[in-house]
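Student: Protein chains in written order, with full-length UniProt numbering: chain F, 1 to 408; chain D, 1 to 213.
The calculated lysine to any residue pairs, modelled on SDA-like cross-linking and capped at a C-alpha distance of 25 Å, are:
id: 1; chain 1: F; residue 1: LYS336; chain 2: D; residue 2: THR82
id: 2; chain 1: D; residue 1: LYS99; chain 2: D; residue 2: ALA109
id: 3; chain 1: F; residue 1: LYS336; chain 2: D; residue 2: SER61
Worth flagging that the hints you see were computed from the coordinates, not collected in a lab.
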Amino acid sequence: MAGPSSSKSPEIQRALPGHRLEIGPERPLELDCGAALAPAVLAYQTYGELNAERSNAILVFHALTGDQFAAEDHPITGRPGWWEVMIGPGRPLDTRHYFIICVNVPGGCMGSTGPKEINPETGEPWGLDFPVVTIADMVRAQLRVLDHLGIDKLFCAIGGSMGGMQALQMAAHHPERVHSVIAIATAAHHSAQNIAFHEIGRQAIMADPDWRGGRYLEAGSVPRRGLAVARMTAHVTYLSEPALHRKFGRRLQDRGALSYGFDADFQVESYLRYQGASFVERFDANSYLYITRAMDYFDLAADHAGVLAGAFRDSPVRFCLVSFTSDWLFPTSEAKRVVHALNAVAADVSFVEIESDKGHDAFLLNEPEFHATLHGFLNGSAERLDLPTGDLIPLELGERDPSEERIS
Amino acid sequence: MSRAQPLSTPTAGSLGRSDLRLIAELIEPGSRVLDIGCGDGLLLEFLVREKSVVGRGMELSQTGVNASVARGLSVVQGDADTALSHYPDGAFDVAVLSKTLQATRDPRAVLRQLVRIGRRAIVSFPNFGYWRIRLSLLLHGRMPQTPSLPEAWYETENIHLCTLLDFLSLCREEGIAVDHAFTVRDDGTPKEITSPTLANLLGQDGVFLLRRD
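Input sequences plus hints: build the corresponding full structure.
Tutor: Structure below.
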């Protein structure tokens, strides 16, 4: 196991592969909370080639604990990229034709400015002095990357879960910057139940004595137990009862009988402990607080007197909403709410519900019908813009099954 | 690099169902069209490609929706009985409801919605007054099965079948103007209705172009 903070030191972060956009004080990142971040860094990764017209760019928004390494082996964990099944030659986001951009959100911990980076005013890690960021802030920050790359208008913006929130935010507030938007397993606001689960995770982190009021980096400690419990709770919400049952049932872990104690008797317990422990190695506890908060604050209808349709009036954007039957974190009813709002303004919208028993995490997995639908939607959009398209190449999942550890 | 190819580019002939060919002819090129109960998107794709309409679809079955979206069409999963109320007045030039009215829970309410959200509505349905249906019931005393209504009574989704005369009478009650009315004969040819009583006997399907009066 790696040392407590070896994978998270700023020196290692700066050595990460990929691109860095440095934001100077002349034009800081303006945040909803009133703060202005500068200097700041946005770490991003790209796949495929930008065409001469700069018209083939797709911005991929990552989810809560995802990052910019969407389609390559992760430089820290060594595991396949979180959306390798979606991005690549012959995949729905086809790198033979499209230029894919994925940016680590501000507040994150994979190279973009966040609570574990150094606060230039104090020379210490930001900790809880880092300003609270919102989904709108995340999207505005990513527009800066598009400005930097000279991309006026995206071919498509796409994301699942928190990434889907950003996609909807992009469509609602920056419709001139994007032709089509795909929002997967997401909602136009975070529900009370989802805020509740996030609060459990945050309380677990803050209850860990090693959290030290958020000043654990200076103390050389890591709130491992708290962050692991947060992850374990969240992980259950990403699955479904049938998926858990299929994977583990009541099977025992490396033993023939119950121990009459509190070891991980059951496979599902052992699995969750592993998920928690491995998460701590790659994710920063304070980042987890900040990013969950951004999701909680998200409510697209709030700026329109609670009427969601107001967010999309006269929208020229072509929308695709996707939900999964067994997703109880962002259920189909949430997607339908968005669809009804889009219908109310007669927007161009497609909506598909995909049959899957894999819960919320289905959006990260090899779901052929899901991929075929996205491919069709993207082809339809490409035709309208006279962009080239290609055929899907069926996935062959080798020995590296990326479904072992998901990062919703 | 290849240009996007649809699953199969439909031609008027490949629309198959003769009511669909007639509907396609009734729609002006370039209009905004909502096809309710669009199935796997055959008609909609034809309209988008051949008549350059701005096309949207609604379909109840998830397999139909997924197939339509995979064709590159803009289609949402939805139920004609409940989802039409979300659209604003006059959102479309034409709202199409082909062979779906008889499967809705409340055909009268659906009809009202159609002429509200579409400046025009096109409705087609199997005519239960068709002579073969009348004869079959008269001679055999069993629920009729015809090419237009192939399912047995216990498995059909058609819970609100009607005759052409029934439909015209409902339109009158609702203040809905019938601009054009056609029947589709046994051989698949459309015929503008001149005598409703005769059409009600000879027409297998009815196709109506409607608007709110």
